[in-house]
Amino acid sequence: MSAWTLIDAWIVATAILTALSCALLGNFLLVRRLSMMGDAITHAVLPGLAIAFLVTGSRDTAPMLIGAAVAGVLTAVLTQFISHAGRVEESASMGVVFTTLFALGLVLMVRAADKVDLDASCVLYGALELTPLDTVRLGGFDVPRAFVINAAALALNACVIGLLYKEFLVGAFDPMLSAAQGFRPQLMHQALMVLTAVTAVASFETVGSILVVAMLIVPAAAARLMTQRMPSMIAWSLLIAAASSVLGHLGAIEAPGWFGFRETSTAGMMAVAAGGWFGVALLFAPEQGLLAQALRRVGLRFRIGLEDALASLYRHEEARPAFRAGPSDFWLRRLWRRGLAEPGSKGWTLTARGRARAVELVRTHRLWERYLVDAANVRPDQAHHASERLEHITSSDLLDGLDTALDRPARDPHGRVIPRDSRPAP
Amino acid sequence: MTWPWSIHTPPAGPEHAASAAVSIHDMTVAYHRKPVLWDVDLDIPEGRLVAVIGPNGAGKSTLIKAVLGLVKAVSGDVRIFGEPLERRRAWIGYVPQRESVDWDFPVSALDVVAMGLYREIGWFRRVRAPHRARSLDALTRVGMESFADRQISQLSGGQQQRVFLARALVQDARLYFMDEPLAGVDAATEQVIIRLLRELRDAGRTVVVVHHDLQTVQEYFDHVIMLNTRVVAAGPTAEVFHRDNLHKTYGGRLTLLEQAAQAVADTAGR
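Taken in order, these protein sequences are the chains called X and U.
Its first residue numbered 12, the first sequence is counted upward by one per residue in my numbering.
Its first residue numbered 4, the second sequence is counted upward by one per residue in my numbering.
All clues stand as given, with none of them false.
Which chain X residues face chain U? A few, computed with CB under 7 Å, are given here:
(1) Val42
(2) Ala191
(3) Gln239
(4) Met241
Worth flagging that the hints you see were computed from the coordinates, not collected in a lab.
Predicted, not measured: the structure shown is a model, and the values here were computed from it.
For glycine and all other residues, C-beta sits at the position ideal for the given N, C-alpha and C.
So here's chain X without its partners, still in its complex pose (with noise of 0.2 Å):
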């Protein structure tokens, strides 16, 4: 076990900045379906940076900021403009956009590279292990330059989207409702875009100009399938974010030995971890996981067998007191558990609660053989399979409103009668 030093508290400090600030923005952008749009911004940037590093010739922050949002808004703009004038989808004209821009940037850093210290590679894969070595002096401590940065991105984001969080959303539910309210849809769009720049210019020390898009995407991504609100979806996104920021370090430090190699890039690891909860949220998310959906699907099918067990015994004890045909021992065995049914000594009867359960069933069944017949005009033979489906899943207001509806017929297509008590029958 490695130690755990001072730095290392550092790294993973800056990097719980980086990725809240980054899955803050995400979110919106995801709902949006604007993810695509956060890669072409994180990449485009690198052009407003490289011309912010050949005019000042520094690498001071606040040039490096004005050219990423100057560039994050030419994206956005070039993008809407290019899709209308060229008549391609957003998606093509994006791919336009943000891979020319992405390379004039890389061809201007190499020139810039001449004239400051500015390392290309580390633009693209952040440096977040080196950040502790670069501080400054704050109220007497020495604090990472990179931690101060993405502390300020994240109140900044936090700021804009705790003020306008009504705004953003109806913009980004249904933009022309937010235009005909006054909102200026076009306006939100684009100060989300200068967010977006400006994180991915505070990230790319951190996590690089490639990762920062893992950190806006998929903490929000999977947070989308933990909830069906958009507060709450926020909240599991920066709990995600955070998560995979502690996890991505220690991944990094403690990882790569199991394997025998040396320690790996936090950022990387960040990236994987954010993969993972991910994955974990697709599986076992509580209503959109896929475990949650197989253990319905599951539960609905061993509902509908049971039922239909039920309502057997019941057409079965109309035609003759009792009988031993009819469901098979499995679903009788699980009546019986249930207290539905008894063994007796002329075979299988309901008990009361069972028989009250079937009444219900049957009732169901023959109403709506009867109103898809009358009303429907569906063929007798044909309205038994429908109704076979519809007995499960008709709520008891449903089913009054068809009684009621139907003038409370006493028998179905088939001239059965339709049960409306549970007294054995008849």
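Using the hints, position chain U against chain X.
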């Protein structure tokens, strides 16, 4: 200039009544140089239930969007109760086409209805309990109160349309624009919506509806605008909704025409 955070006065009483709810003068709208609306001159009277009809691509939705400033007109002038749009935004409710939004969006039915109040709430402020209570009232008016907490993708098409309608109702506007609110909804929803539109009209509101079903125009609407890039006819349904105008509006589309002619004949025979 109006500041974005200024407080908007709620719709005023009849002393503000102008002769027309909407006056459109010489409006032309084009996409990629192809005119979609050409030289539209229209007065929409106040307190009527108005249908906008015409074939596909006739510019029905564009007319609404141009009036609301959502698409830019090449030329023309729009007055809402005698004033420019910017001064009347608070008086206008808008129901876009149902397909225009992403129903997988992580919000509940109640959240969507509350969006109708965002303009009244104003920039930077939050949705609070009284807003939620009013939104729930609006959902109750469309029979959807028990679905308030449902995520919107779990609603049927007709229920989604009712949520949209509730969102318009909660604004308590004087003038409503609705883009195909009856498209693809079930019969029960259609009846709920029509009843509400009539209630709005009876309360003196003006409701402009893009409508596609020619057979129900006479039954549902008092006033009709027949559009095919230009305005073919506009006026009380009884006066303008007849064979000649339908022919001019729909050209050679015989199947539609026959439907409409049948509808006209049926009504005349009653």
